[in-house]
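Just remember that the working numbering sits 146 ahead of the position in the sequence shown, which is counted from 1.
I should point out that these hints are in silico values taken from the structure, not numbers from a laboratory.
Treat the hints with caution; some may be incorrect.
[Unchecked claim] Once the Cα atoms are required to be at most 27 Å apart in a straight line, the calculated DSS-like pairs of lysine-lysine come out as:
no., residue 1, residue 2
1, K210, K249
2, K218, K249
3, K204, K218
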Amino acid sequence: MDKNTICKIRDIYRAISVFEDTFEAQFSLSINETMLLCALSEQGEMTSGDIAGALGVKPSVASKLIRMVEDKQLIDRVMGQQDRRQMRFSLSEEGLHQLEIIKCSEIDMPEMLQEVL
């Protein structure tokens, strides 16, 4: 791997970091929290294990994300019907509303990321 490749990767990483900061300032949600909402929007009810798999994160990270969006009242927690120990999560009305706001908003995308996307 040559030096230019490393430098390009660094530039992409910086652009992602700028995007994340801008996104969080605009919507009061991190990218991971938003990805969780999107996963629930696409899949419906999910367990914490399902969420971890869908987001590609460790279960402990998924639990933290769940707690954060639950505190913001963006998801609902329900007990499993067959196994009451298993919690299932779904989007709340507020979560659906927040996703619609994000989808309809102009989001400033750094030029470097526009080139990659």
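- prompt: Checked against the structure, which of the hints given earlier come out wrong?
  reply: Per hint list: zero violations.
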